[in-house]
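Each number in this note's numbering corresponds to the 1-based position in the sequence shown with 16 added.
To be clear, the hints were calculated from the coordinates, so they are not data collected in a lab. A couple of the hints might just be wrong.
Unchecked claim - For lysine-lysine, the following DSS-like pairs were computed, each having C-alpha atoms within a straight-line distance of at most 25 Å:
#: 1; residue 1: 28; residue 2: 61
#: 2; residue 1: 96; residue 2: 157
#: 3; residue 1: 92; residue 2: 175
#: 4; residue 1: 28; residue 2: 42
#: 5; residue 1: 61; residue 2: 143
#: 6; residue 1: 133; residue 2: 96
#: 7; residue 1: 160; residue 2: 96
#: 8; residue 1: 133; residue 2: 92
#: 9; residue 1: 95; residue 2: 160
#: 10; residue 1: 96; residue 2: 129
#: 11; residue 1: 42; residue 2: 143
#: 12; residue 1: 96; residue 2: 173
#: 13; residue 1: 96; residue 2: 175
#: 14; residue 1: 61; residue 2: 40
What the hints assert, rightly or not - Here are the in silico distance ranges between beta carbons for each label pair:
#: 15; residue 1: 126; residue 2: 27; range: 35 to 43 Å
#: 16; residue 1: 17; residue 2: 130; range: 39 to 47 Å
#: 17; residue 1: 115; residue 2: 38; range: 40 to 48 Å
#: 18; residue 1: 44; residue 2: 19; range: 18 to 26 Å
#: 19; residue 1: 80; residue 2: 42; range: 13 to 21 Å
#: 20; residue 1: 91; residue 2: 152; range: 18 to 26 Å
#: 21; residue 1: 58; residue 2: 19; range: 20 to 28 Å
#: 22; residue 1: 56; residue 2: 91; range: 40 to 48 Å
#: 23; residue 1: 80; residue 2: 170; range: 13 to 21 Å
#: 24; residue 1: 95; residue 2: 26; range: 32 to 40 Å
#: 25; residue 1: 56; residue 2: 134; range: 41 to 49 Å
We put the beta carbon where it would ideally sit given N, CA and C, even for glycine.
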Amino acid sequence: GVQIVGGEGVDKRIDVFVTAITFKAKVSDLFHLDLAYAPPFSTTKDPVMYTGMILDNAISKGRELITFDQLNDLIKLGKKVEIIDTRVQGSYEESHIDNAISAPHSQFRDYIKNMDKDTIAVTYCNKGTTGNATQNILINKGFKETYNISGGYNQYKSKDKEK
17 GVQIVGGEGV DKRIDVFVTA ITFKAKVSDL FHLDLAYAPP FSTTKDPVMY
67 TGMILDNAIS KGRELITFDQ LNDLIKLGKK VEIIDTRVQG SYEESHIDNA
117 ISAPHSQFRD YIKNMDKDTI AVTYCNKGTT GNATQNILIN KGFKETYNIS
167 GGYNQYKSKD KEK
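Using the sequences and the accompanying hints, generate a full structural model.
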């Protein structure tokens, strides 16, 4: 099954997921869907495709996701963790996860030069896509333990409201 919370366009995404489920598509198939788009109204890659990419990376390619509870457990255990906000600087300045540093994805290759590869690197963006791309850079540069926060900053905000 699938569950989506949101506004405009949710019905289209549900239709795509239901069709994929009906035809027994694999998670990896979602990223290869060829869906119509119009540049003024949507991106070239539909959110369903990005969802497929992130899930496929998490399942089969060692691009692990982490929840906020799991992140808090690592911190409580005294692990050396660097929380990396990959959103644009303005979004970071507006609000961010406690103890996160700002390293926008567009400038991340410069930032990574000063990072310790033995540190646990935890990335996030608003929803997960840019955090996943930044996590891929870390892995390709030899970082041993990397995570992308499941649901990104939007999930953090909704979880924070529950308190």
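Residue 170 and residue 80 - C-beta distance against the hinted 13 to 21 Å: The hint (13 to 21 Å, Cβ to Cβ) holds, given that residue 80 and residue 170 are roughly 19 Å apart.
Supplied distance hint 13 to 21 Å, evaluated on CB atoms of residue 80 and residue 42: At 19 Å between Cβs, range holds.
25 Å limit on alpha-carbon distance, applied to hinted pair residue 96 and residue 129: Holds - the C-alpha atoms of residue 129 and residue 96 are around 18 Å apart, at most 25 Å.
Distance restraint evaluation - residue 95, residue 26, Cβ atoms, bounds 32 to 40 Å: holds, 37 Å
Restraint status (C-alpha distance of residue 96 to residue 173 at most 25 Å): With a Cα-Cα distance of about 24 Å, the restraint between residue 96 and residue 173 holds, given a limit of 25 Å.
Pair hint residue 61 and residue 40, alpha-carbon separation not exceeding 25 Å: holds, 21 Å
Hint consistency between residue 96 and residue 157 [alpha-carbon to alpha-carbon, up to 25 Å]: holds, 18 Å
Pairwise hint evaluation, residue 175 against residue 96, where the allowed Cα distance is 25 Å at most: holds, 24 Å
Range hint compliance [Cβ, residue 56 to residue 134, 41 to 49 Å]: holds, 46 Å
Verdict for residue 17, residue 130 (Cβ pair) under range 39 to 47 Å: Given range 39 to 47 Å: holds, Cβ gap about 44 Å.
Proposed proximity, residue 42 with residue 28 (alpha carbon, max 25 Å): holds, 19 Å
Distance restraint evaluation - residue 58, residue 19, Cβ atoms, bounds 20 to 28 Å: holds, 21 Å
Of the numbered hints stated above, none is contradicted by the structure.
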